[in-house]
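*Asks:* Model the full structure from these sequences, guided by the hints.
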Amino acid sequence: MLVLLMETNSHPTISSRALPSAESATFLESSFFSRNGAQAALPSPANVREQSAIQGPASQARRDYGFKPVRYEHLGLIVKYGRAPEVTIAEGQLLWAVRRTLPMVPAPEVYRWAHDKGQVFIYMELIKGVTLNSGGAL
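In the numbering used here, the protein residues as written are 186 to 323.
Treat the hints as calculated values from the structure; they're not laboratory data.
Each hint should be verified, as a subset may be incorrect.
Label-pair distances were calculated between CB atoms; the ranges are [said to hold, decoys possible]:
hint	residue 1	residue 2	range
1	214	289	19 to 25 Å
2	241	198	36 to 42 Å
3	300	225	19 to 25 Å
4	279	213	19 to 25 Å
5	196	258	34 to 40 Å
6	238	287	32 to 38 Å
7	241	288	29 to 35 Å
All C-beta atoms in this analysis are idealised placements derived from N, C-alpha and C, irrespective of residue type, glycine included.
*Replies:* See below:
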């Protein structure tokens, strides 16, 4: 249950105790599982690494810390992964909290986060559109 605290200046805040704190968390109430069923499987970390190599390998200098997010268009899914400080559970927690406490702020829905072989994986909603990295005009 999310505990939302309101300050006197009416800005929403959230207690850190309200955040899911597990090293790995799967949100079965998310739209991914609503659409695909509670038994639906998200890609494994091994599969994410394989798809990363196919979709565009990261440069050797960044290989251990941050990779280009892996897209699964047919699942409406994108997975960001790497080692801290590039990718952390805190990022997943932030997206999870923003989505629940500030619904007017566009944020991808988080379906899962996990640790595997020293890397963090954040599974989230793939939002169609122009990215800031693409250099496209907004």
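*Asks:* CB of residue 241 to CB of residue 288, is that within 29 to 35 Å?
*Replies:* Holds, at about 33 Å.
*Asks:* For residue 238 and residue 287, compare the CB-CB distance with the range 32 to 38 Å and indicate the outcome.
*Replies:* 36 Å, holds
*Asks:* Go ahead and decide if the range 34 to 40 Å is satisfied by the Cβ distance of residue 196 to residue 258.
*Replies:* 37 Å, holds
*Asks:* Confirm or reject the claim that residue 300 and residue 225 have a C-beta distance inside 19 to 25 Å.
*Replies:* 21 Å, holds
*Asks:* Falls inside 19 to 25 Å, the C-beta gap from residue 279 to residue 213?
*Replies:* 21 Å, holds
*Asks:* Is the hinted range of 36 to 42 Å satisfied by the C-beta distance from residue 241 to residue 198?
*Replies:* Holds, since residue 241 and residue 198 (Cβ atoms, about 39 Å apart) stay within the stated range.
*Asks:* CB of residue 214 to CB of residue 289, is that within 19 to 25 Å?
*Replies:* 21 Å, holds
Hint compliance for this structure: every hint is met.
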